[in-house]
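Colleague: Chain by chain, the residues:
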Amino acid sequence: MKRIARISILASALVVLTTSSPAADLTGKEVFDHYCSYCHGSSDGAGTMQLRRTRGKDQALLAERTNLSPDYIEYVVRHGLKSMPPFAPADLTDAKLKVLAAFLAKKLPPGD
Amino acid sequence: MSEPLPPGMNAHQMADALERFRKVIGGEWVFSGEKVASYHDPYTIPNDPERYRAHAAIAPASTEQVQQIVKIANELRVPLWTVSRGKNFAYGGAAPVLSGSVVLDLSRMNRILEVNEKFGYALVEPGVSYFDLYKHIQEQGLKLWLDVPDPGWGSVVGNALDHGVGYTPYGDHFGMQCGMEVVLADGQVVRTGMGAMPGNNTWQLFKYGFGPYVDGMFSQSNFGIVTKMGIWLMPEPAGYRPYLITFPREEDIEQVVEIVRPLKLNNVIQNAATIRSLVLDAALFTTKSQYYPGAGPIPPSVAKQIMVDQDIGMWNFCGALYGPKPVTDALWSVIRDSFATIPGAKFYFPEDRQHRPDILIHRADTMKGIPKLTEFGFLNWNGGGGHVGFSPVSPTTGQDAIKQFKMVSGRVREHGFDYMGLMAVGFRELHHVTVIVYDQTNAQERQKLNELFGLLVREAAAEGYGEYRTHIHYMDTIAGTYNWNDHALLKMHEAIKDALDPNGVLSPGKSGIWPKHLRQGRKS
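Chains U and X are the protein sequences, given in the same order.
For the first sequence, position 6 (counting from the first letter as 1) is numbered 6 according to our numbering, and the numbering increases by one without interruption.
For our numbering, add 1000 to where a residue sits in the second sequence, where the first one is 1.
Mixed in with the good hints, there may be bad ones.
Subject to a maximum C-alpha distance of 27 angstroms in a straight line, what follows is the list of computed DSS-like cross-link-like pairs (lysine-lysine) [as the list claims (entries may be wrong)]:
#1 Lys29/U <-> Lys57/U
#2 Lys1406/X <-> Lys1448/X
#3 Lys1288/X <-> Lys1207/X
#4 Lys29/U <-> Lys82/U
#5 Lys1071/X <-> Lys1448/X
#6 Lys1325/X <-> Lys1118/X
#7 Lys106/U <-> Lys1035/X
#8 Lys1325/X <-> Lys1143/X
#9 Lys1403/X <-> Lys1346/X
#10 Lys1288/X <-> Lys82/U
#11 Lys1288/X <-> Lys57/U
#12 Lys1325/X <-> Lys1304/X
#13 Lys1304/X <-> Lys1346/X
#14 Lys98/U <-> Lys1135/X
#15 Lys98/U <-> Lys1288/X
#16 Lys106/U <-> Lys29/U
#17 Lys107/U <-> Lys29/U
#18 Lys1118/X <-> Lys1135/X
#19 Lys98/U <-> Lys1071/X
#20 Lys29/U <-> Lys1346/X
#21 Lys82/U <-> Lys1035/X
#22 Lys1516/X <-> Lys82/U
#23 Lys1403/X <-> Lys1448/X
#24 Lys106/U <-> Lys82/U
#25 Lys1118/X <-> Lys1143/X
#26 Lys1448/X <-> Lys1288/X
#27 Lys1207/X <-> Lys1143/X
#28 Lys1071/X <-> Lys1023/X
#29 Lys29/U <-> Lys1135/X
#30 Lys1118/X <-> Lys1207/X
Since the hints were made in silico from the structure, they are not lab data.
From just these sequences and the hints, can you work out the full model?
Modeller: So this is what it looks like as structure tokens:
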């Protein structure tokens, strides 16, 4: 959720945060931090720990991976993978997913 | 596989319905075809791929759009399956009970409408997650604490409506809700409690208003669509002291619970504390294969090794003290002295814990309302990723606790799974939540799980134990166990359903409540 405007503030701290837009107004890193980092952002995240066990230490942290393609990322996000549930497009929109996939695939060697 | 159609509808009619929805909310917020995949149950149980499949999903942004959608659904007889954020993953996620339904995904309705520090409440829409509300409170520097369930990405509204629990003194989430806005099946908007009076300023302060108190009707139900809800927030306490008490033997649960009851009833135990089993805690940070390569549940010798390695017990009581130091010191002395009567009990504060990651360090965050996703770690215990919760309610007596533990753990282990349970301490009852972690990619294991779950429900019901919440696959089954006086309660639910939603378009099958035209032959 991106806070766009505070519509009004009353004595009781009335605050209105508007809904997300289909357009990606976040960077790939920001999308990763918002949606992925709780499990994949640190060494003791549930996703990091599982990837360390199943794919090795070098493959544990998503942001350091060199073998993630945008298509693969988009598929896993939309369909889930084992314990990871899918993310629906109403929340993690296609536009956000695109910049997320580009961010995580940034270390993919050219031509792969 | 093409997307399923709801009963009595053909593809042309559904295409027309989706077109009408597009005109209300915009084409980019109507999801069909491949995009429906993310609305399937990620931890599926039945082997029939046709079960619990949505036809499409739609995501409105406002109460007004929900009203228009409901009117269209009534006109065209399109079943809608409402989810706040669709993160209720141990219970079916966003998937509908009735295949062919259109998921009404409210995650775009994510406005935090008010946070009131003076009185300690928030008014939010269903799309607001615990992460969202926590972040907002931190950014504003408000002296308020949330109460969070284990997965922080879930909806504040949705969790309360599904009777979810947390771990601070505000752990009964539905008990902490105050005032709702609800869209009824005919499109009318209702505000409950004091919200029914124009110009009133106590909507989030006093629950009951005047006349019948109806908020409970909209929890675990399909009588309306909640579009706003008040939730009480805890004032930041003057002090906070989380603690862990471990117990070395499975049979200790009987004495532990006997000690818990008077302490909780007298508010010496202030929060919604939990008594967690060994494997549940071990599974957060380790996997079964690290300890045991064999099939079936871990043997007692391995359990003892885990206890030593992770410095935890067969049962682990996670609680916290809240308030000024003289108060928490006094409470702790009573708690410590009470549990010290159990041989082998060990007492820890965070600074006593040597391992990282550690159960108390993790739970210390949760018991002060910091949302996380750490508990998803236990899904990796055996590598298969699936999980489902079996959650009977027990009186807070040692006799019931040990009886339930033996019943459930015995059957779980007989079926080849490890017992991963917790008893969440309410004021007079325990939610005995057993998480069964299974390999969702293995059809035989899913079948085994399904047989186990049915057995657990039947045996629990035979002893008078009922589940407080369940997966979509078992909603009819559980509703069928609440059958006193020839299903009188379910009949009343159905009468309300018929009156409020005569065309049966709102979440058919939720909690075993079916509309009239789909009811035939379902009652067990």
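Colleague: It remains to establish, for every hint, whether it holds in the given structure.
Modeller: Each hint, compared with the structure:
no.: 1; hint: Lys29/U <-> Lys57/U; result: holds (22 angstroms)
no.: 2; hint: Lys1406/X <-> Lys1448/X; result: holds (19 angstroms)
no.: 3; hint: Lys1288/X <-> Lys1207/X; result: violated (47 angstroms)
no.: 4; hint: Lys29/U <-> Lys82/U; result: holds (24 angstroms)
no.: 5; hint: Lys1071/X <-> Lys1448/X; result: violated (42 angstroms)
no.: 6; hint: Lys1325/X <-> Lys1118/X; result: holds (23 angstroms)
no.: 7; hint: Lys106/U <-> Lys1035/X; result: holds (25 angstroms)
no.: 8; hint: Lys1325/X <-> Lys1143/X; result: holds (18 angstroms)
no.: 9; hint: Lys1403/X <-> Lys1346/X; result: holds (24 angstroms)
no.: 10; hint: Lys1288/X <-> Lys82/U; result: holds (16 angstroms)
no.: 11; hint: Lys1288/X <-> Lys57/U; result: holds (19 angstroms)
no.: 12; hint: Lys1325/X <-> Lys1304/X; result: violated (36 angstroms)
no.: 13; hint: Lys1304/X <-> Lys1346/X; result: holds (15 angstroms)
no.: 14; hint: Lys98/U <-> Lys1135/X; result: holds (25 angstroms)
no.: 15; hint: Lys98/U <-> Lys1288/X; result: violated (36 angstroms)
no.: 16; hint: Lys106/U <-> Lys29/U; result: holds (11 angstroms)
no.: 17; hint: Lys107/U <-> Lys29/U; result: holds (14 angstroms)
no.: 18; hint: Lys1118/X <-> Lys1135/X; result: holds (19 angstroms)
no.: 19; hint: Lys98/U <-> Lys1071/X; result: violated (35 angstroms)
no.: 20; hint: Lys29/U <-> Lys1346/X; result: violated (43 angstroms)
no.: 21; hint: Lys82/U <-> Lys1035/X; result: holds (19 angstroms)
no.: 22; hint: Lys1516/X <-> Lys82/U; result: violated (38 angstroms)
no.: 23; hint: Lys1403/X <-> Lys1448/X; result: holds (23 angstroms)
no.: 24; hint: Lys106/U <-> Lys82/U; result: holds (25 angstroms)
no.: 25; hint: Lys1118/X <-> Lys1143/X; result: holds (9 angstroms)
no.: 26; hint: Lys1448/X <-> Lys1288/X; result: holds (19 angstroms)
no.: 27; hint: Lys1207/X <-> Lys1143/X; result: holds (23 angstroms)
no.: 28; hint: Lys1071/X <-> Lys1023/X; result: holds (13 angstroms)
no.: 29; hint: Lys29/U <-> Lys1135/X; result: holds (18 angstroms)
no.: 30; hint: Lys1118/X <-> Lys1207/X; result: holds (18 angstroms)
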